[in-house]
Amino acid sequence: MAGVAVSTTINGDAVEYLCQPDETLLEVLRDRLGLTGAKEGCGTGDCGACSVIVDGRLVCSCLVLGAEAEGRKVETIEGMAHGDQLHPLQQKFLEHAALQCGICTPGFLIAAKDLLAKNPSPTEEEIRFGLAGNLCRCTGYDKIVRAVQDAAEVMKGA
Amino acid sequence: MNFDPRFSGRQFASVGTRPIRPDGVDKVTGRARYGADFNMAGQLVGRILRSPHAHAVIKSIDTSKAEKLAGVKAVITAKDLPDLTDGDAAMYDILDNCMARKKALYDGHAVAAVAAIDARIARQALKLIEVEYEVLPHVTDVDEAAHHHAPLINDQVFTEGLEEKPAKPSNVTKRTQFGHGDVHAGFAKADFIVERSFKTEQTHQGYIEPHACVASVNPDGTADLWVCTQGHFVYRQHCAQLLGMEASKLRVTSSEIGGGFGGKTHVWAEPVALALSRKAGRPVKLVMTRDEVFRASGPTSATSIDVKIGASKDGTITAAEATLRYSCGPYAGSWAEIGAMTAFACYKLENVKTVGYEVLVNRPKTAAYRAPSAPMAAFAVESAVDELAHELGMDAVDFRIKNAAQEGTRASYGPVYGPIGIGPTLEAVKHHPHMKAPLKANQGRGMACGFWFNFGGQTCTDLNIGMDGSVSLAVGTVDVGGSRASLSLVAAEELGIDYSHVKAIVADTSSLGYNDMTDGSRGTFSSSMATISAARNAIKILRERAAQTWDIPVEDVHWEKGHAIAKGEKYGNLSPLSLKEIAAASGKTGGPIAGHSELVADGAGVSFATHICDVEVDPETGSTRVIRYTVVQDAGKAVHPTYVEGQYQGGAAQGIGWALNEEYIYGKDGRLQNAGFLDYRIPVCSDLPMIDTQILEIPNPNHPYGVRGVGETSIVPPLAAIANAVSNAVGVRMTHIPMSPPRILAALDAEREG
Amino acid sequence: MVEVTLWGSLSAVAGGKARHEIEAKDIRELFRKLAEQYPGIEPWIDRGIAVAIDGTIYRDTWSKELPEGAEIFLLPRLAGG
Amino acid sequence: MRYIRPLSIEDAVGELAKAVGPAAILAGGSDLLVRMKGGFIEPELIVDIKRIGGLSDVTETADGFRIGAAVPCAVLGENKALKQAWPGVVEAANLIGSKQVQGRCTITGNLCNASPAADSVPALVAAGAKAVVVGTSGKRTIAVESVPTGPGRTSLAKGEIVEAILLDKRPEHAGDAYLRFIPRTEMDIAVVSAGVNLTLDDHGAIKTARVALGASAPTVLLVEEAGQVLVGSKLDEATLERLAKICSGACRPIDDKRGTIEFRRKVAGVLAQRAAAIAYKRAGGK
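Residue numbers (our numbering), protein chains in the order written: chain A, 1 to 158; chain B, 1 to 754; chain C, 1 to 81; chain D, 1 to 286.
There may be inaccurate statements among the hints.
Calculated lysine-lysine pairs in the DSS-like style (CA-CA distance at most 25 Å, straight line) [what the hints assert, rightly or not]:
1. D:K257 / B:K668
2. B:K174 / B:K308
3. B:K174 / B:K199
4. B:K313 / B:K189
5. D:K37 / B:K65
6. D:K83 / A:K118
7. A:K118 / D:K50
8. D:K257 / B:K199
9. A:K118 / D:K80
10. D:K37 / B:K127
11. B:K348 / C:K17
12. D:K158 / D:K37
13. A:K73 / D:K50
14. B:K174 / C:K17
15. B:K165 / C:K17
Partial selection, computed: residues in chain C whose CB lies under 7 Å from chain B [what the hints assert, rightly or not]:
16. W7
17. S9
18. D54
19. R59
20. T61
21. E71
22. F73
23. P76
Think of the hints as simulated: they come from the structure by calculation, not from any bench. For each residue, glycine too, the CB sits at the ideal point set by N, CA and C.
Excised from the complex, chain A in its bound form:
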């Protein structure tokens, strides 16, 4: 199997890697680049734990080939905070205890960031449907929804 050489941008940094043609972007991020913030909960696009943003689109990185990232801009959880300044969503997830085990948290944060970028004032229903691609088994979603609502308020004020 011939490797594919890829030049891409991840969290603003130029990155080059060689990957196998059938290797997913999730595998590349985790196993080649050491970016283990995106998690594999299912590998089939059903849990959202591996969510990243590619060229402004929210996707499951398990459903993208590493080779497809050529020339794209990829955003992962590792790029969400600015220096030591947490993103308002990260801060609100902490304040509301919107995580218990925390395995789904990076995916939820990325999906919520995408949601608020497209809809800065979502209703509860819009948040619930907007985050329906991310499974959480610990919280019952209550505190996650509240954290996103609160973060939306803060971000509008900023």
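For chain A, the structure is supplied; the task is to place chains B, C and D on it using the hints.
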């Protein structure tokens, strides 16, 4: 150890507040390391070959082709994991489950494993392993398996607990019985009797993180294991025993854990990873796929339950009886036993009898799932209780209040209760605004009660005070949902310092004494007890150091609000010494200051909850939406109330999924049809409403702060609460969980057709 | 002297009797005396028996004292999630 | 295994045509990568068509809309003109998987995977959509319902690629709708589904109607009789009753992990009624 665990009724400064958890930032930035996030230099990829058959004799396994594939470094079968269990039947079952010996007992049962330099080669190698099976008839349904004509899963099993040993083997491994009084006499006194049979399907804990570990065995026999687990000390014992190692030579580090709910309480693939590493001489990383998690980890039991309850006209229950059959997978378990114990635990009953049967089936080995076995029993009993209230013309809550257990009641499982919370949760529900909110067409309201035991167990904790006065707390209880925050609060409380100066970690198995796993809602209960004990031991040293500094007797030094205070008029000119000041001087007063604790935290105190639920059912499609949900539960004392609420909400959500859609679906071929998150339908965000909580605090007399376990009880009432709500919405009693749309529509159509 | 009640299945190995009067000061002594009287109980003790003392369940504290007149009930040792 | 990213449709067709082993077209990949992960398919060649000019665009033409084969469904939801003209098709496309999946999946892929439960297909069939197929021997335009021939099977020849889906320009008083039944609110495969597309005359009576059902037979069903029963009506109770009966009767579903035969039959009728009511309202009917 002279630790006094009795409740002292103190006022709290830190406990009961809601600070940010210490592991929080790591988790929102993606830095926290879970099972699959760890790597070692030179590590190989391990993969497991699994049986496609539900029941088959393994006639031969030829691994030679796989071994010859370039890049393959080890191939193992059961021969590489010989039986070292020395008559320990439970451990033998775990071993056989990790790697099948003579027979494959379910679709997904491990039969061989490989370690290779990458995942692609490992996958290819699995395809080169030739297994010759002799396929046997199988049985997956709990009722069919209990039938005497059913294919036998283990011909050495003769039902235990019968008066005489049976002549023939059977799939029923054990009969258990609980109760008191005379149910025949009780039913004779009843004016109304409800008798019904119920079924619940098998569900999975559904943790988002698949099982994952990295195992590294050295040539000298020492080893390291990095693993996501609810109990790394338990995993160390299991692995050491199964691989013939000394426990102290195996260091197990628990990663952050991405959910367990009972499913990570014993080993599944970890001994396989260690055996591969031992054979290959290199570290091996083994991560289950989601498909493997569903097919080959430990879901809960499927059940079949018959309930009969009678009451007199005044609303007093005169007798209650249940027969409970629980599937165990292909290995013996005690799941029906727990169901039989919990079934009627909420009620004050003169005459009660429960009988449990453990049933072997060709499904994965059953594991604990949050208050294991209790939700199914509660579903059957609470459905019948609701129906009986209806027949009596009594309000469902009032009927339960009239018959609720209280202090002094003999529990249906035997002992007499101390102070308990079932009555207060029912009173709170009776007066909750949710109960009075109006309902629209096709909507229905239901409520139900739930009970769980809670445990404590062996616990070990180290508390070290740094020279700067900050405190590090090392615990052996895995943090599954925020317990490091709670334990830091407890340490701060006891020492009288600010929460921000405490940092809690989960120590590895070589750094701390044995600690039971996080199960039975014991995490915060038992580790807070050990933390209080460790803090008190540290305070004793702090007082000694202050006494030494002041050159006065230690008896005259008291500890208050983080300071040593010299008590007595003669010490009027001595200003208090802060913890920080004592710590700074510690190098000159006798060295480091620490508190250690090892104890058995028994006396966890039983737990009760009552839930209210509103649903809307589409009568044309059978689709059900939960539109409002309220949890009322006793916490003893809520150490970090936000995380207590989180436990209540999470348990309710899991129960909602179980009630409506989650189930293992097997084909006629005995293969699991829905081994993925697409068709094993756990609730998504848009499926649920906000889940309201009300925390009651009825102190546990056996804990210094009054803490009870809170993690499990919340999953007990939802199945019944939702079944009652659906039944009230559509006027048909639902007796089969999950109440999936096809089941509801079929029930409605049957009713419409009369 | 304490009165100890065994759950259904355990009483079957203890001569079919649910209630037993036993002279024991703590859980350890209780188990020892039961095993002396009914050797069939030993494997059950090895597998795990919990002791409820006035409704509070003890799984591991074998040194726990049995107060005079307390209600003592033996139960299977449970699993949790 | 090889991964290639041709820049022209001719190159893509040529590579596919000369491929020796199994070859796969990659647009959104939301189905292909799942099948690869499960070991159900091991392609020797993956042809990523996203860099081919025009395949990632939605264009409004004199005849209607042309939706390139590589356009993610999320993009359809953001196209106001398309949403205005074909709300049923767009809502069907935006029901596939999650937001994450919609950022990748395409209606062409949905069609070519040939699942009887594909969400966008009943809506496309009801809409009378056409597929532009390119192969070594040229280009042809066919009705979308002639692409799938059975579960996982299509009428496409080796080397053929569907490069776009065409939707007609909308006349006055037209409306479409798609409804599916799933046990959850999101993240499910349709247990059964119905797409309805209507045009009305000046008096508000139904002039033309197409009804399609999903997950009720080996391929998506165009139920012509159901369309006929609607024509001339103003969607009165009796017509809706007959519609449901015809749709339930037309179903040839199976029992599987997602639903029973009885359930699918019954709910197909219910959904057809409800989708017809929405389409009627969208067309301006009262």
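- [ ] Hints the structure violates: just list their numbers, smallest first.
- [x] none
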